[in-house]
Amino acid sequence: MNTRHRGRGILLTSGLAIVLAAVALPFYWLVIASTHSSKEIFDSPPPMVPGGHLLDNLTSLQESAQFGRVVLNSLLIAVVYTVCAGAVCTLAGYAFAKYRFRGREGMFGLLMLGLVIPAQVTLVPLFKMMADLQWLNTYQAVIMPNLALPFGIFLMRQSMAALPDELLDSGRMDGCGELRLFWKVVLPPMKPALAALAIFLFLYQWNDFVWPLIILRDGASFTIPVALASLQGLDDTDYGAILAGTSIAALPMAIVFLALQRHFVSGLLAGAVKE
Amino acid sequence: MTSTLTGKNALPVSAGDVAQHPRPRRRRGRGRHLAPYLFVLPALLLFAAFKLYPIGWSFVLSLHRTIDGVETFIGADNYLRLLDDPLFWTALKNTAVILAVQVPVMLALATGLAVSLNSTLLRGRTVFRLGFFMPMVTGLVAYGIIFSVLLNKDYGLVNWLFGLAGVDAVPWLTDPLWAKISLGLALTWHYTGYNAVILLARLQTIPGELFDAAAVDGAGAWKSFVHVTLPGLRPAILLTTVLSTIGTLQIFDEPYVLTGGGPDNATLTIGVYVYQNAFKFFDFGYASAVAYALAVLIGILGVIQFRVLGDKS
Numbered sequence: 001m002n003t004r005h006r007g008r009g010i011l012l013t014s015g016l017a018i019v020l021a022a023v024a025l026p027f028y029w030l031v032i033a034s035t036h037s038s039k040e041i042f043d044s045p046p047p048m049v050p051g052g053h054l055l056d057n058l059t060s061l062q063e064s065a066q067f068g069r070v071v072l073n074s075l076l077i078a079v080v081y082t083v084c085a086g087a088v089c090t091l092a093g094y095a096f097a098k099y100r101f102r103g104r105e106g107m108f109g110l111l112m113l114g115l116v117i118p119a120q121v122t123l124v125p126l127f128k129m130m131a132d133l134q135w136l137n138t139y140q141a142v143i144m145p146n147l148a149l150p151f152g153i154f155l156m157r158q159s160m161a162a163l164p165d166e167l168l169d170s171g172r173m174d175g176c177g178e179l180r181l182f183w184k185v186v187l188p189p190m191k192p193a194l195a196a197l198a199i200f201l202f203l204y205q206w207n208d209f210v211w212p213l214i215i216l217r218d219g220a221s222f223t224i225p226v227a228l229a230s231l232q233g234l235d236d237t238d239y240g241a242i243l244a245g246t247s248i249a250a251l252p253m254a255i256v257f258l259a260l261q262r263h264f265v266s267g268l269l270a271g272a273v274k275e
Numbered sequence: 001m002t003s004t005l006t007g008k009n010a011l012p013v014s015a016g017d018v019a020q021h022p023r024p025r026r027r028r029g030r031g032r033h034l035a036p037y038l039f040v041l042p043a044l045l046l047f048a049a050f051k052l053y054p055i056g057w058s059f060v061l062s063l064h065r066t067i068d069g070v071e072t073f074i075g076a077d078n079y080l081r082l083l084d085d086p087l088f089w090t091a092l093k094n095t096a097v098i099l100a101v102q103v104p105v106m107l108a109l110a111t112g113l114a115v116s117l118n119s120t121l122l123r124g125r126t127v128f129r130l131g132f133f134m135p136m137v138t139g140l141v142a143y144g145i146i147f148s149v150l151l152n153k154d155y156g157l158v159n160w161l162f163g164l165a166g167v168d169a170v171p172w173l174t175d176p177l178w179a180k181i182s183l184g185l186a187l188t189w190h191y192t193g194y195n196a197v198i199l200l201a202r203l204q205t206i207p208g209e210l211f212d213a214a215a216v217d218g219a220g221a222w223k224s225f226v227h228v229t230l231p232g233l234r235p236a237i238l239l240t241t242v243l244s245t246i247g248t249l250q251i252f253d254e255p256y257v258l259t260g261g262g263p264d265n266a267t268l269t270i271g272v273y274v275y276q277n278a279f280k281f282f283d284f285g286y287a288s289a290v291a292y293a294l295a296v297l298i299g300i301l302g303v304i305q306f307r308v309l310g311d312k313s
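Going down the list, the protein sequences come from chains S and W.
Residue 162 in full-length UniProt numbering sits at position 162 of the first sequence, and the numbers go up by one each step.
Residue 46 in full-length UniProt numbering sits at position 46 of the second sequence, and the numbers go up by one each step.
Calculated directly from the structure, the hints in this document are not laboratory data.
Please note that the accuracy of each hint is not assured.
[Unchecked claim] Covered, in the sense of this in silico footprint (three residues per stretch, anywhere, with C-beta under 8 Å from a C-beta of chain S), are these stretches of chain W: (1) 242-254; (2) 274-285; (3) 294-308.
In this text, all values refer to a predicted model and were calculated from it rather than measured experimentally.
Cβ atoms here follow ideal geometry from the backbone N, Cα and C, with glycine treated the same way.
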């Protein structure tokens, strides 16, 4: 019995290891390819160990796409978005979870409608709106439309529901105003959920493509995905440079995710599974 | 109303407090009454301005056509045009194929992955969990670019590996059928881990006694999977099915980056078609009509899925 179990365990582990290798291969190859020239990348056999072209690739990225500026744009937009959307979603989620008030279900239902309405429906009118506001090519046009993110509100409502009512009542007993109560009593034990929300929002904005592609017109204001897509469209595509840029887009996210994954997965799940 | 409020808030108030605030009870009570509205206000305002208003406007646009720069009311013409627009039907068909083939395969893989990751027999679980969830943090554009290079017919790594095994070069992105398969592979690579997380979390809530009881009744691994695991997973399967359906129907980034909708419109999806009409041909009215048709489709499929998968739980 025991040996049979061990045999199965080894079989399962090695089977999954092979699948994992296939999943991880693109990542490995991406990092390797970033250090080679366009010509070397398409050599036969393809390069499997690091080469010496990383600096050249980064220089080329900087020259063709002002990539330093582009990375800063992406960071700035994602950080501002995470802070603002985090505040909007947390406040709303808290109210929906912990207060009884008239119109609560209706308002929540309305916001959740956003989950099923395809983004494409609002794309055209939003673009026209931004044009009327003369916000084309601005950061606020990228950030504003998705601040009230339905999934973020949903996630926060689910997480806040786990907070014991007694905690809030004793805070009120001590004479806390509602805003102070939120800040001093509600937020501290919510840190893991807030971390999950923050990662989710940051990833969402960092990787967002369609909307920035439509709004941002000038290379100096591009975010990383828009800049990469614009480079790929060129006739004489420098793949070494593009893949170096892709590494820059993907790796920091992977590292942040690895560092915080416990919070992310458990926080996401608290929201996703209860319903 | 006032009486219930003061009743709820009959708090012990210190003398100093009373001196500072003449009517502390009523103020607190009102604060508690108003607070939720103030807390949801930013979300509601932003949602109204940037979602509801555009949704309404989009419908108005879909009834108009821009002729020589002037918006002209044309009634349902855009919707009628949908009916005999071959490209719309191609886009619909392509999207349906992804929905019918890729989504079930991916969810089956995700279920298998979740069960494996949950198994006590597995060594090094943490490494595996991390590894399989990595693709979901990779941006769509990033992985679109990675795949387009890896799958290049003449120089890509995948065909080179195939060559070693004596298999002829596969036209991954240049042949209509293979382009669809490549798109499916990329989607599966990206989202299987994400769905597995949701299923895994649900799996951990199934009581172990149920599996023990099944084992006592003499159920093998497969039987206990069918009779214990799957029923227990039902809500999570519903959630992942609905999320994947909504995601698939709106799919844009992957075909846009990987194939541009080609070759020969083989990977043209409704999302790409909306984008092309709006921002390539600047036919905003027609683009809005296509988007609205898509929204209706998502609504219908959502309702059907809830009916089929939802009721028993």
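To see whether the hints hold, each was checked on the structure:
For a cut-off of 8 Å, the count of residues in the stretch 242-254 of chain W with a CB near a CB of chain S stands at 5, and the three-residue condition holds. Three residues within the 8 Å Cβ limit are the bar, and the stretch 274-285 of chain W against chain S gives 5, so the coverage statement holds. Chain S is given as covering the stretch 294-308 of chain W, and this holds because 5 residues of the stretch bring a CB closer than 8 Å to a CB of that chain, at least three being needed.
In this structure, none of the earlier numbered hints is contradicted; all agree with it.
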